[in-house]
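K.L.:
Sequence:
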Amino acid sequence: MGGIMQAPSNTGFAILQSVAMRRRFFVDQVRNGHAEIAGDEARHLTRVLRVEVGQRYEISDNHSVYLAEIETARKEHVIFKTLEKLPVVEPPVRMILCAAIVKFDHFEWMIEKATELGVAAIIPMVSVRTERGLDKAAPKRLERWRRIGLEASQQSRRAHLPEIVEPTPWKDVLATAGTYRYALDENGSQPLPAMFPVERRADDSVALLIGPEGGWTDEERSEFTTAGWAPVSLGPSILRAETAALAALAVVSAAWLPLGVATLKH
2 MGGIMQAPSN
12 TGFAILQSVA
22 MRRRFFVDQV
32 RNGHAEIAGD
42 EARHLTRVLR
52 VEVGQRYEIS
62 DNHSVYLAEI
72 ETARKEHVIF
82 KTLEKLPVVE
92 PPVRMILCAA
102 IVKFDHFEWM
112 IEKATELGVA
122 AIIPMVSVRT
132 ERGLDKAAPK
142 RLERWRRIGL
152 EASQQSRRAH
162 LPEIVEPTPW
172 KDVLATAGTY
182 RYALDENGSQ
192 PLPAMFPVER
202 RADDSVALLI
212 GPEGGWTDEE
222 RSEFTTAGWA
232 PVSLGPSILR
242 AETAALAALA
252 VVSAAWLPLG
262 VATLKH
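Per my numbering, the sequence shown starts with residue 2, numbered consecutively.
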């Protein structure tokens with residue numbers, strides 16, 4: 002995940018600008034210089050986007066990014082031929098979002114926007130004040146959540162998909178690894194930025210714990226504090242869970258990227 006941080010260069014920004022309008026798609030694998038998309042995704046490419054043979058796009062196999070040309074474009078089958086491997090703009094820090102499940106339309110919006118902000122992993126969880134019934138329905142939504150992550154990744158031109166896992170028990174969430182772990186809490190005495198380390202590294206990871214609409218119980222506060230999570234605040238306003246999650250991700254990302262863009266890596 003790491004890479005040496007550096008100040009933005011004219012070359013780096015030129016690369017970003019030159020590909021800004023080129024669409025990016027995710028493929029299962031690149032083999033012998035070729036990749037394919039089939040089924041519903043291929044139908045979307047051929048019927049909605051109307052891709053044609055000879056057109057160039059970017060593709061990612063969730064490891065590397067390639068400039069590729071369409072070799073075959075049939076109704077349910079699109080084949081790409083890779084032309085060259087492209088540099089990848091890495092996020093400034095690995096961010097893990099541990100989020101209590103809220104109403105699904107709000108939670109799905111959170112997934113979409115967190116993906117655009119560069120989150121590496123999303124861990125859904127059930128807390129004491131999670132709305133009744135969401136815990137049982139959530140596992141059935143996992144495929145849809147991952148689809149939302151895929152579409153948001155393509156839209157925001159990510160190189161890697163976020164890992165979106167099954168709803169996870171509270172005790173396991175508390176054990177989530179991270180160089181720095183912060184629990185968003187309206188009772189937090191310290192603002193989130195004040196808790197950041199003075200020296201920040203590209204190989205750091207930051208885990209964020211977000212509660213439900215009803216907030217944390219006293220017992221949950223005691224448990225996450227005992228587990229080593231630092232309670233922090235985003236200010237005096239009472240925020241919706243999804244708003245708090247996205248604000249925290251944006252603050253973390255900006256704090257770990259004080260000089261501009263991450264190193265471009267092949």
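In case anyone wonders, no lab produced these hints; they're calculated from the structure. Hints are supplied without guarantee of correctness; some may be wrong.
[Stated by the list, open to error] Result set (BS3-like, lysine-lysine): computed pairs, CA atoms no more than 30 Å apart in a straight line:
| hint | residue 1 | residue 2 |
| --- | --- | --- |
| 1 | Lys86 | Lys76 |
| 2 | Lys114 | Lys104 |
| 3 | Lys86 | Lys104 |
| 4 | Lys141 | Lys104 |
[Stated by the list, open to error] Okay, the calculated beta carbon distance ranges per label pair:
| hint | residue 1 | residue 2 | range |
| --- | --- | --- | --- |
| 5 | Glu224 | His35 | 26 to 34 Å |
| 6 | Asn188 | Arg32 | 50 to 58 Å |
| 7 | Glu53 | Ala195 | 30 to 38 Å |
From the three backbone atoms N, C-alpha and C, an ideal C-beta is built for every residue, glycine too.
K.L.:
A separate judgement is required for each hint: does it hold in the structure or not?
P.N.:
Outcome of the hint check:
About 27 Å separates the Cα atoms of Lys86 and Lys76, which keeps this hinted pair within 30 Å; it holds. With a CA separation close to 16 Å, the supplied pair Lys114 and Lys104 stays within the 30 Å bound. Of the pairs offered as hints, the one joining Lys86 and Lys104 is violated, with about 41 Å between alpha carbons and a cut-off of 30 Å exceeded. Between the alpha carbons of Lys141 and Lys104 the distance comes to roughly 14 Å, so the proposed pair stays at or under 30 Å and holds.
For Glu224 paired with His35, a C-beta distance near 50 Å fails the hint of 26 to 34 Å. Asn188 and Arg32 have their C-beta atoms about 53 Å apart, which keeps the hinted 50 to 58 Å range intact. Glu53 and Ala195 have their C-beta atoms about 54 Å apart, which leaves the hinted 30 to 38 Å range violated.
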